[in-house]
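Use these hints to put chain S onto chain L, whose structure you have.
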Amino acid sequence: MISITAILEEVKIMIDNAIKLQDPVENRHMKKKPLSGFLNFQRKFKKDDRIMHPFSVLVNKEISDHVRSWRFIILLSIITLTCLGSVYTALQGIGKAANANESVNSFLFLKLFTVSDGTLPPFFVFISFLGPLLGISMGFDAINSEHNKGTLSRVLAQPIHRDYLINAKFVAALYVISVMFFSLGFLVMGLGLIITGILPSAEEFLRVVSFIFLSIIYVSFWLNLSILFSVRFRQPATSALAGIAVWLFFTVFYSIIVSVIAKAATPSVTATTQQVINYNKLIMDLFSILPSQMFSDATTTLLVPTVRSLGPLTMEQVIGTIPSPLPLGQSLLLVWSQITGLIAATTLCFVLSYVSFMRREIRSR
Amino acid sequence: MDGNIIELIDLTKEYGSFTAVNHLSLAIGKGEIFGLLGPNGAGKSTTILMMLGLTEPTSGSVTVCGIDSTTNPIEVKKRVGYMPEDLGFYDDYTGLENLIYTARLNRMSYNEARKSAENLIGRVGLADSASKKAGKYSRGMRQRLGLADILIKNPEVIILDEPTLGIDPKGVNEFLDLIVRLSKEEGHTVLLSSHHLYQVQQVCDRVGLFVEGKLIAEGDISTLSRKLFSNEPFIIEAGISFPGHNLSDSSVITSEAGRVKEILQKIDGVITVSMENNDMSIDCSRDVTGDIAKAIIESGFGLSYLTKKEFGLNDIYNRYFGGGEDHD
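Just so you know, the protein sequences line up as chains L and S, in that order.
Last residue of the first sequence: number 365 in this note's numbering, and the count goes up by one each step with no gaps.
Last residue of the second sequence: number 693 in this note's numbering, and the count goes up by one each step with no gaps.
Okay, chain L solo, but in the shape it has when bound (with noise of 0.2 Å):
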């Protein structure tokens, strides 16, 4: 037949094309710009003679789609314009801050994400209001909206393996979040440093830099989730309705039913001291799951060196201790835990709407 011998030739001239691509010209071109190629989508495309793997064509597509979509660009300038405003009290703030106590002066520069001349919040709890948001706008329609347009079982006909689009997904809007929370950090360093002259120490910096992680793992944390619930639930509305709700009941809710708690298990007046450590024990466990109260917590205790426990300590372990500041490597001890649980709570997420996906029947609309 002619059609057997029509696709061989195909076949071989495809082999062909892909070998000649591997050339070491074609190399060559390809290191010289894998960062401006971001930059500048249309041009790269222009020039591009290379084959990509079908993988980063579905993330370069799902970044280009973020960057371009109304959604990101509201919520990156609403997080711009707080990022600024936070910086703007923190400079008011920072002299006072920097007259009230000497002996941590070296730790000036930090002052710049957590001071606060009290008409604004400082930056660190900005982030952890509006990181939510911004993780849940960012998944909620990540699958739903691709199997309402009826894209999805297109897109998967495709020879991809059907977790690709999932990770695909998910690798981008990280990306995002990532660029744009290293550039809001660098470009409060920067102000910082430009207005008022005080250089960041390596350590600051690196501090700076590990909060900056822990923002990206905590929006990737509601991201996950909101991924999750655009799996599960097949209108977008429904799926951003969840992510908002979990989000409230997390911020305002959870905090209420705690305190119901504590109010029935407060301990008697002639309680012991012990009963008392354990009914605060207690009170600080419920609190310490929640992601908020997790990012909170790491954050604080890495923007502010001084911090030395999260928890009660007691008398004994305050005495013979030098009232300095903890170094990063204790600091990051002490909250590794915050770490991991903030951690462990994207990867669940994320392995549970990936499952629920692989498992998922694809049909057309």
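Don't take each hint at face value.
Listed next, the stretches of chain S that the computed footprint assigns to chain L, with coverage defined by at least 3 CB atoms under 8 Å from CB atoms of chain L [stated by the list, open to error]:
1. 405–419
2. 438–447
3. 454–466
4. 471–479
Cross-link-like lysine-lysine pairs, in silico, DSS-like; alpha carbons within 27 Å at most [to be verified]:
5. S/K443 - L/K61
6. L/K149 - S/K443
7. S/K626 - S/K673
8. S/K535 - S/K501
9. S/K535 - S/K497
10. L/K61 - S/K501
11. S/K535 - L/K61
12. S/K498 - L/K149
13. S/K498 - L/K61
14. L/K149 - S/K497
15. S/K497 - L/K61
16. S/K626 - S/K659
A short list of chain L residues far from chain S (calculated; beta carbon distances all over 12 Å) [claimed, not checked]:
17. T89
18. G93
19. L133
20. A265
21. K281
22. T306
23. R308
Read the hints as simulated data drawn from the structure, not as lab findings.
Predicted model only: the values in this text are computed from it and were never measured.
Even glycine gets a Cβ: it sits at the ideal position worked out from N, Cα and C.
For chain S alone, coordinates are given in the frame of chain L:
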């Protein structure tokens, strides 16, 4: 085995207690245009999903281009272009960009993808709307874009799930012509599912009838009707007129009709005669059309038409799908 590009062997898919596809065996040869016919919910789409490895069969095996779809779906999807029932595109991308995206997912470089997308979009007749956003496309245009979308990966097999759904009759004809023309040019094997019989009748080399998860018959249309109606008598339909009689007098008509019946009953081979108004339906054990004509004319009646009834796809359809309960 050799010429078959799609082979389903004893394929079964169960959803809980519901059996969507029931021990289906089917082979489709290379270069063939095969129509999968059946009412909604017969399991056509499920079968197609299993061919692509998008759904796992409960038992049985699917082989496409000699590759097992269940264990190696990627290789199958490289060779098969699939157009889903209700296909969608990224609305804020242009038609061309949508095609390029698909091409790049099939490991084409951007330049290569752009070239073949431009070529294909012209071939399906969308050259003027190539830079229009896909969200602005009409239904028929989307369908054409869908065809370009599957052809861009240069597949060996094209699977179209209800491709004619929601297009107007003229559009359907154009679209089916396009499918046939393109697939004959490139030598693709085409499998299309539909519940529109006439459309499928026009283009398919062979059809398979699918009811409640079972393939009840397959073959080209004429073999199919022969196979399905082999035990049926010939049915001849005749239009009788009664010259010289007052047609408003119904008693005359009745008596005259009785005479015709009597005459026809005497012909050797005629089993039963039934009459409704002036139309007569005669069941015969063999082809006695000529004798009937002669008898009617010789008795002095007028004959306005005489046809031997052919069983078309529609009769097949009514019998198996529309008839409802009488199939097992």
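Going through the hints against the structure:
1. 405–419: holds (count 4)
2. 438–447: Result for this restraint: holds, n = 7.
3. 454–466: Holds, because 4 residues of the segment 454–466 of chain S bring their Cβ atoms closer than 8 Å to Cβ atoms of chain L.
4. 471–479: Result for this restraint: holds, n = 7.
5. S/K443 - L/K61: holds, 21 Å
6. L/K149 - S/K443: holds, 23 Å
7. S/K626 - S/K673: holds, 18 Å
8. S/K535 - S/K501: Since the Cα atoms of S/K535 and S/K501 sit roughly 21 Å apart, the hinted pair holds (cutoff 27 Å).
9. S/K535 - S/K497: holds, 23 Å
10. L/K61 - S/K501: With Cα atoms ~21 Å apart, L/K61 and S/K501 stay inside 27 Å; holds.
11. S/K535 - L/K61: violated, 36 Å
12. S/K498 - L/K149: Given that 27 Å is the threshold and the Cα spacing comes to 14 Å, the pair holds.
13. S/K498 - L/K61: holds, 16 Å
14. L/K149 - S/K497: This hinted pair holds, its Cα atoms lying about 18 Å apart.
15. S/K497 - L/K61: holds, 19 Å
16. S/K626 - S/K659: holds, 14 Å
17. T89: holds, 39 Å
18. G93: holds, 44 Å
19. L133: holds, 23 Å
20. A265: The claim stands: L/A265 keeps its Cβ more than 12 Å from every Cβ of chain S (closest is about 47 Å).
21. K281: Given that every Cβ of chain S is farther than 12 Å from that of L/K281, nearest at about 48 Å, it holds.
22. T306: At about 51 Å from chain S, L/T306 clears the 12 Å cut-off, so the statement holds.
23. R308: holds, 53 Å
Violation of the numbered hints given earlier is confined to hint 11; every other hint is satisfied by the structure.
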